[in-house]
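**Student:** Please take these sequences and the hints and turn them into a complete structure.
Protein chains in written order, with the numbering used here: chain S, 1 to 144; chain E, 1001 to 1144; chain U, 2001 to 2079; chain X, 3001 to 3079.
FYI, nobody ran anything at the bench for these hints, they're computed from the structure.
Nothing here was measured: the structure is a model prediction, and the numbers come from that model.
Hints are supplied without guarantee of correctness; some may be wrong.
[What the hints assert, rightly or not] Here are the simulated SDA-like cross-link-like pairs (lysine to any residue), alpha carbons at most 25 angstroms apart as the crow flies:
(1) E:Lys1042 x S:Glu78
(2) E:Lys1130 x X:Pro3042
(3) S:Lys68 x S:Glu112
(4) E:Lys1037 x S:Asn81
(5) X:Lys3048 x E:Gly1089
(6) S:Lys130 x U:Pro2042
(7) E:Lys1040 x S:Arg19
(8) E:Lys1040 x X:Ala3075
(9) E:Lys1040 x S:Phe77
(10) E:Lys1042 x X:Ala3045
(11) S:Lys122 x E:Arg1108
(12) S:Lys40 x U:Lys2048
(13) X:Lys3048 x E:Glu1143
[To be verified] Derived Cβ-Cβ restraints for the label pairs, each shown as a range:
(14) E:Thr1007 x U:Leu2038: 53 to 61 angstroms
(15) S:Gly94 x E:Gly1094: 26 to 34 angstroms
(16) S:Lys68 x X:Gln3056: 49 to 57 angstroms
(17) X:Phe3057 x S:Glu78: 28 to 36 angstroms
(18) S:Ser44 x E:Arg1019: 28 to 36 angstroms
(19) X:Asp3021 x E:Asp1041: 35 to 43 angstroms
(20) E:Pro1022 x S:Gln67: 27 to 35 angstroms
(21) E:Glu1075 x S:Glu78: 28 to 36 angstroms
(22) U:Arg2004 x E:Asp1041: 57 to 65 angstroms
[What the hints assert, rightly or not] Now the stretches of chain U that chain S is said to cover, found in silico as 3 or more residues with beta-carbon under 8 angstroms:
(23) 2002-2010
(24) 2070-2077
Note that beta-carbon positions come from the ideal geometry of N, C-alpha and C, so glycine has one too.
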Amino acid sequence: MDFAELTSQPLDIGVIARRVVPPECGATVTLDGYARKFTKDKTSGEVRETRYLEYDAYEEMAIMEMQKLVEKAKEQFEISNVGIVHRTGRLEIGETSVVVSVAAPHRRAAFEACEWLIKELKRTVPIWKKEVYLGGDHWVEGEN
Amino acid sequence: MDFAELTSQPLDIGVIARRVVPPECGATVTLDGYARKFTKDKTSGEVRETRYLEYDAYEEMAIMEMQKLVEKAKEQFEISNVGIVHRTGRLEIGETSVVVSVAAPHRRAAFEACEWLIKELKRTVPIWKKEVYLGGDHWVEGEN
Amino acid sequence: MSVRILFFGATAEVACTRSQDVDVAEGELASSVFESVLANHPSLAAHKLFFSVNQQFATGGEIIRDGDELAIFTAVSGG
Amino acid sequence: MSVRILFFGATAEVACTRSQDVDVAEGELASSVFESVLANHPSLAAHKLFFSVNQQFATGGEIIRDGDELAIFTAVSGG
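**Tutor:** Structure follows, in structure tokens:
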């Protein structure tokens, strides 16, 4: 089964990885991103301790863009199933923000597709991250 | 934290992926192998329906070999932490047989290291798989 | 004829709203609608902005129709 | 002087045991110990075999000491 979802609930990567598995495949590659405690400011180089994160999403468009990525990945790579779930709202440090899981008959394709998907997701899917640290907060703007 | 373990208990890939995460990293790549229902015989090409799998391990040596792989991976790739857990004993269809999880500051290195680790694990770690199907069973011999 | 403009993340913070309805002329281009919105929120200009029309990334050349949903946002940073 | 030979998976099934103690001579090479074990279990020859001495992959040139742990197994198939 393929899926592209947003949720404000905690993500269980084991459950997500298992949902993409068809009975004829033997391996899944899963990318798991999470709220990190320390962030380096790209301009100043200063390391900040994050208190929590907040993700905002243009939900309807984000799901459409994620579905497009799933379709493109299935055209480009020999994979069976793809699942993408992105968390929204407030995330405590250590909580999972995104899971990209790819099942394939051969693991090479699963690795390639998973890496391509997370790269494209960060580039094209309309979701924004706010870092909240002691004494302030900051909406991260992508490099795109 | 790095770890290389064998267990006869069910694997929870979410828990394993989370154990490798240091606070300064933001992404983990996890390879999840599992007992597949259908297997193609490499010689005859015939597709068999597997009832269950059984893994035998030379436990002491397997853990040493997995620890060697962890050390080599940390030399070769810019990664923070590696966790490898392999299941032993009887596995029902769909259960996870192995989890390789790599946390890194940059996801490229995590993908590369994870792929290298599972390839080397399959080539060098003394663990053997028996496929039990209707009417027989068969110890799989690796290609090495 | 009216369209809805959505803001997210940094642009919602700067615009002090997540949504705003604006009147548009028949046959108006998306670029012209976006320009007038930006004129009302000059501090948005401090950001590199992206635009969408009906949930598709927009170049500005789109002809706007009644009820269209437009959005203005900064470079995405999910993941 | 005696060493223990371990079998796993297919070799344990063929040898009908997971472990066997054998007497060895002072200074005997691993290859010679393995050959005598194989002579007692001729059906092992149907398999491509790998060997270890004290949990390290062995080439056969290792000099065996009292109490060493040797193993005979087929190509690994974990994962």
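**Student:** Verify the proposed pairing of lysine 1040 of chain E with alanine 3075 of chain X, using a straight-line Cα cut of 25 angstroms.
**Tutor:** Distance ~19 angstroms between lysine 1040 of chain E and alanine 3075 of chain X Cα, so the pair holds.
**Student:** Just to be sure I understand the hint, the distance between the Cβ atoms of phenylalanine 3057 of chain X and glutamate 78 of chain S should be within 28 to 36 angstroms; is that true here?
**Tutor:** holds (34 angstroms)
**Student:** Within 25 angstroms, alpha carbon to alpha carbon, are lysine 1042 of chain E and alanine 3045 of chain X?
**Tutor:** holds (21 angstroms)
**Student:** That 57 to 65 angstroms hint for arginine 2004 of chain U and aspartate 1041 of chain E (C-beta), does it hold up?
**Tutor:** For aspartate 1041 of chain E against arginine 2004 of chain U, whose Cβ atoms are near 60 angstroms apart, the range 57 to 65 angstroms holds.
**Student:** Is 53 to 61 angstroms respected by the C-beta to C-beta distance linking threonine 1007 of chain E and leucine 2038 of chain U?
**Tutor:** At 59 angstroms between Cβs, range holds.
**Student:** Does arginine 1108 of chain E lie within 25 angstroms of lysine 122 of chain S when you go C-alpha to C-alpha?
**Tutor:** Status holds; Cα separation ~14 angstroms.
**Student:** Does 35 to 43 angstroms hold as the CB distance between aspartate 3021 of chain X and aspartate 1041 of chain E, or does it fail?
**Tutor:** holds (37 angstroms)
**Student:** Measure nothing beyond the straight line between the CA atoms of lysine 1130 of chain E and proline 3042 of chain X; if it is 25 angstroms or shorter, mark the hint as holding.
**Tutor:** Distance ~22 angstroms between lysine 1130 of chain E and proline 3042 of chain X Cα, so the pair holds.
**Student:** Indicate whether the distance between the beta carbons of glycine 94 of chain S and glycine 1094 of chain E respects the range 26 to 34 angstroms.
**Tutor:** Holds, since glycine 94 of chain S and glycine 1094 of chain E (Cβ atoms, about 28 angstroms apart) stay within the stated range.
**Student:** Is the gap between the beta carbons of serine 44 of chain S and arginine 1019 of chain E within 28 to 36 angstroms?
**Tutor:** holds (32 angstroms)
**Student:** Checking one constraint from the list: CA of lysine 68 of chain S to CA of glutamate 112 of chain S, max 25 angstroms. Satisfied?
**Tutor:** At roughly 17 angstroms apart (the allowed maximum being 25 angstroms), glutamate 112 of chain S and lysine 68 of chain S satisfy the hint.
**Student:** Lying within 49 to 57 angstroms: is that true of the beta-carbon distance lysine 68 of chain S to glutamine 3056 of chain X?
**Tutor:** Distance hint for lysine 68 of chain S, glutamine 3056 of chain X holds at roughly 51 angstroms.
Consistency note: the structure conflicts with none of the earlier hints.
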